[in-house]
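Participant: Let chain V serve as the given structure and place chain U on it in line with the hints.
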Amino acid sequence: MKPAPFDYYSPDTLEEAVALLAKLENEDLDAKILAGGQSLMPMLSLRLARPDALVDLRKIGALDYIREDGDTIAIGAMTSKSAAEDSDVIRTRQPLFHEATLLVGHRQIRNRGTVGGSFAHAEPTAEYGAAAMVLGMDMKVVGPNGERIVPAKDFYVTYLTADIDSTEILTEVRLPVLKKGTGWSFQEMSRRQGDHALAGAAVTLRLVGGVCKDVCIAVFGVNASPTRLAEAEAFITGKAATEDNAREAGRVGADGLEEPMSDVHATAQYRRGLIATLVARCLVEAASRAS
Amino acid sequence: MSIEIPGLPEDMPGAELKYVGKDVKRIEDPGLVAGTVEFIDNLDLPNMAHCAMLRSPHPHARITGYDTSAAEALPGVVAVITGEDVKRWANPVTTAPEGWGSYCLAVDKVRFVGEPVVAVAAESRYIAEDALELVNVEYELLPVAATAEEAIKEGAPRLFEENESNVILSKTYDWGDVDQVFADADHVVSETFFWNRVGANPMETFGCVSTWDTVNNSLTIHGSFQTPGFMALGRAFSLNLPTNKVKVVSHPHGGSFGGKGGPRGSEISSLLSRKAGGRAVKYIEDRVEYLLAGAGQSWDRYYDASLALKADGTVTGFKVKLLDDQGAGAEGYGTISIAKPIAAFTGCYRIEAARYDLNVVATNRAPTYPYRGYGPPPHNYVLESLMDIAAQKLGLDVAEIRRRNYIPPEAFPYTIPSGNEYDSGQYEVTLDAALELADYEALREEQARAREEGRLLGIGVCSVVEPGVFDWNAYTTVGIQGVGVPEGAKVSVDIMGQITVTVGFSLEGQGQYTLAAQLVADFFGVDMAGVRVAYAATDVAPPHFGPGGSRLGVSITGAVLGACRKIEEKFKLVTARLMQCEPAALELADGFVRIKGVPGAEMHIAQVAGTMLARSDLLPPGMEQSPEATYVWTAPGRTEPDEQGRCKSYLTAANACHVVMVEIDPGTGRTDILKYCVADDCGTRLNPATVEGQLMGGIAQGIGAALFEEYVYTDDGQPKVSTFAEYLVPTIHEVPKTDKAVIVTPSPFTPLGAKGCGEGAIHTTPAVIMCAINDALLPLGVQARATPASPNRVWDLLQQAK
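Residue numbers (this note's numbering), protein chains in the order written: chain V, 1187 to 1477; chain U, 24 to 825.
Excised from the complex, chain V in its bound form (with noise of 0.2 Å):
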C-alpha cells in the first residue's frame, strides 16, 4: 500500500498554482491537486490513483477563509471542514451547511479534509453535494483564462467528476444564508458514526398558510451524482407536511430515482427504501423548523 511515484509541488500562491498546472497540462503530464488529501492518500497508497504530479495547495493560505457577503457566506477552497463545524457564522446563519459539515467523517478526517478538496472530489456519498443542490450554491473556478461561477445544478458531472478542467482550481464555493422563516432537514443513513452516507437528504421548505412552499429536496449517495428530486418536491407543494403526506412524497421520491448504487453495505432496493424514509423524515422535520 505504497503510492506509484510522482512528482510533488506545493506553490505559494493561487498564480503560481494555475501556472504550474498549466505547465504540468503542456507537458502531457497529468496532474491532481492535493487539498486535505482525505481521499486522495488512501488511492495514491492502494494505487487506484496514478497521478504524474501532485499540486498540493496547503500552502496557500489566501484560500483558507470564511467571510460574510450580504446574505453569502463565501468559504475559501482550503478551509478545513473543521473550521466550518467551529464557525459560528456558518452555524447560525446557514445550519444546513453546519449539519452536513458535521455528518462528514469524523473530527480528525475534517481537521484534514477542507470544503473545497470535498466539492472538487465530488463523491457521490458526499454531504456537500446534496447541501450545494437544495441551498443553491455557487462554485469559483479559476484558470489561465480566469474565473467562471458554476452553479450547483451545472457543477457535478458524474462519479467523482465536477465541472472542473484539469488546468483549473476550485478557489471558493458561496452559500446563501437561510432565510427567516425557512425549515430545513438534514438526514443520512450511514452503518457507523462518520461512515460514508448509504443515503441522505437534505430539505428546505416554507410553510405559507400550513401548506409547503419552494420545497427543495437532495439526495446523496444513491446515484452517481446529488439528485434534486423535482417531483416529490411538486407532490408536497401546496400540501401540509403530515406524516401521511411526507410518507407518500418519500415514496414518489424514492419511485422517480435513477437506479441507485448496490454495494457490500447496500443494494439499489435497499437505497431506495432509505430515501423514501429520509426524505419523508427530513419533511417532517423541516416543516416543524420552518415559520
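Bear in mind the hints are in silico, worked out from the structure with no lab data behind them. Bear in mind that the values here come from a model prediction, so they are computed numbers and not experimental data. Every residue gets a Cβ at the ideal spot worked out from N, C-alpha and C, and that includes glycine. Possibly wrong hints are sitting among the right ones.
Said to hold, decoys possible - Chain U is faced by these chain V residues, among others (derived, beta-carbon under 8 Å): (1) M1187; (2) A1190; (3) L1232; (4) A1235; (5) R1236; (6) M1375; (7) R1377; (8) R1378; (9) Q1379; (10) M1447; (11) V1450; (12) H1451; (13) Y1456; (14) G1459; (15) T1463.
Facilitator: Chain U alone, transformed into the frame defined by chain V:
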C-alpha cells in the same frame, strides 16, 4: 517434587494481599503511553530490506509461467522468490490435517484471491511494490468452488487435486442416546442458521523481520507473534531447519485475537533473506493484505439444529449439523474451531444427549484462522436461539426456560455429554443478577408499551459457558495431538533482593505482565513497583505457549506461584541453617523470612539471596547457589479423548448472563442497543480492572459479529472486502455502556480459583443481540437467522413482513 500452589487468595503467604484481586495499574501502560514500546515496525536492523508480495487476482487458477526478470533488474531490488524457490526450500505448513496445508507462496496453482504468488525484497517497500508491477505471472483459470454448498457437490472443482474431494473432515459425534430422546420428546424445535464470515482485526497487522544466518544455517525472526515457541517450531518444520536453529523474538504487539497470521509472512520473509544472502528482510502486512488474505477470517458456517423438549420445558436433546467453510485449506489450525464447541456443547444446560454432525469443507475463499472464542460463539448463537424458539413454542419466558434447564450448583464438577468437565458455577445466581440489574420486568413492560405504539423493541436473555484454560487434548479428535500445554516462568531474586520474572510471551494488551508482578509482590510481600517482568526469546525461554484459549491468566499464575514456592522452600532451608531452626518454623512475609512468633528473628530476602550468591560456605550442604526457580504449569487431570472425542479438555467453565434491549428502526432496518447488562462469573478476579477490559473488548467484537462485520464474497469467489470501508469494526460510538454485576464462584482446580476469561463476552454477545432482534421482530412474523443483522438484511425482512 510436588509443589503446592495456593488454591485461593487466602492460601498465599503473608497476612494481607496488597495487589492480587485489586484494580492495580498496569505495568505495561507507561511505555505504551510514552511511545517507548518497540512494536515490530519500529525495529530497524542494519542493511535491512523490505518485502512486498504479488497476490493472486484469481480464486482458482493454475500457474503456467512466471517472468520476474524485469523486477529483478529494477534498481533497488534485492531478491525475488516464486513458488519454484518455495518448492525447493520449504514444506507446506504443519498446522493443517495432512494434505490440507499450503506452502507459504502458491506452488503450481492459486486457491484464493490474495494468495501470495511472488515476493520481492527491495531497499524500500516503495521499490518492492514498484517491482511487483513488473512481474508477469501466467494463469490458466480453473472453475471455482465459491461456497461450501458448491464445494461438496458431485464433480465440484477440487482445490487440493490429490485429495478425493473438498471435504476436509466429515464426522458424526454421538453423545448419549440421541435418537431415543428425540423420539421420546414432547416437542422438537428445529431451525437453520447462517453465521457469515468474520474475524479478528487487531490494531496492528502482522509484521516481522527475518534474518537467515547463512554461515550457521540458522534463522532469527523478530515479529508480532502471539505464540512464539509454537511459531518457531512450525517454521523449523516448514523451512527444513533443526528446531534449535530457529529463534523467534516476539515483540510487543497491538492486539492479536488469533489473527496474527505469522506463518506465511515469516516464511516468505525468511526465504527472501536466505535468497538475499542473509540480509534482514522486513515484512509489514498492510490492512488490504490483512483483510484479503491475512489471518483475519474465521467461522463461515451453515447450521441445521434441533432441540428435543419435554412439555415442562426440559431440554433433553440437542442435534447440530454443521457445514463449515474453511476456505482454501485448513492451514490456520482451522479444524480446531470446529472441535472447541465440544468443550461446552450443551452450554449451561443439563441436556442428556447430543449429536454433532460435521462437514468441514475447502472452498476458494481465504483460509480461515483462529478468532477470539475459537468456534463456540456461532455455536452459542445456535443453541441460545433454539432456547428462545423453544420458549415461544411452550409459551415460556426466555429467562424461565433457561432457569429450568441449568446445571444446579450442587452438581459440579459436572461432566457434560460431550465429555468435558465443568469445574463450578451458579448459573441461576448469575441469571438473577443480570435480570435484577436490567430490571427485567420493567423492560418487558416498556416493550409492551412500545409495541402498542408500533415500535420494534426486543429483549434478549442469554446464558453461556466460556471454556477456559485450553489443552491440546481437546483437538486430538480433529488431528492435533498432545495432552498438556506448558506455561513456564522463571523467578529470580538478585543479590540486592530485587525480583525478576522471566516469561516466554510478550505484551499483547491483556495485562499478564502486571498479573505476574502482582503475584510475586504479594507472595514475597514486596513492593510491586520493584518487580520486573522480562521477556525471553524462544531460544532461552522456559517451555511456554503464550496467550490463547483463555488460559494465560490462570497458567501464568500457576507458573509464577510454582516458581515462588520453590524459592520459598530454598530460602527457608538457607534461613533455617543460619538461624538454627527448623524450616517449618519459618514464614515468608513482608519481604522477610521470619521465625513465626519470634519478633525480630528474621532475614530480608536480599540477605538470603545474597548469602546464597556470595557465601557458599554458609549454605546447607549440596545446595545450589541459585536464588531462582523455574516452574512450568499445566492444567492438571487432563485426559486423552475417547473415540467420540470425550475428554477433560478445558479446565475451567466461566459463566455469564447478558440481558439486552434493542430497538429496530422500521424505516432503515437499523438496530440500536438501548440497554446492555452483564452478570459475569469467572471465579476469582486476580485483577478486576483487567477482567472488565477483557469483557468490554469481547462485547465490542460480539457487536461487530452481530451487527457490522462480514467478509463478503461474490458468487464467483471474488472478495468484496479489502479495506475498512467495507469491513466495519464497531467503534466507541457503536459500543454501548454496560451495567455489570460480578459473581465469584472460585474454581476448585486452578491457582487462586481463577477461571479463564480472556475470550469472554464474544461467547455471548452475538447470541444475545440476535435473540433481542428476533424478539423485536416477533410481532411481524419474521426472524433474522443470518449474521450480521445488518440494516439491509433487517430491512429486507421488514419488507417481507409487509
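Participant: All hints, please: hold or fail.
Facilitator: Right, here's what the structure says about each hint:
no.: 1; hint: M1187; result: 4 Å, holds
no.: 2; hint: A1190; result: 7 Å, holds
no.: 3; hint: L1232; result: 7 Å, holds
no.: 4; hint: A1235; result: 15 Å, violated
no.: 5; hint: R1236; result: 10 Å, violated
no.: 6; hint: M1375; result: 5 Å, holds
no.: 7; hint: R1377; result: 5 Å, holds
no.: 8; hint: R1378; result: 5 Å, holds
no.: 9; hint: Q1379; result: 4 Å, holds
no.: 10; hint: M1447; result: 13 Å, violated
no.: 11; hint: V1450; result: 5 Å, holds
no.: 12; hint: H1451; result: 7 Å, holds
no.: 13; hint: Y1456; result: 5 Å, holds
no.: 14; hint: G1459; result: 6 Å, holds
no.: 15; hint: T1463; result: 4 Å, holds
Hint compliance for this structure: hints 4, 5 and 10 are broken, all remaining hints hold.
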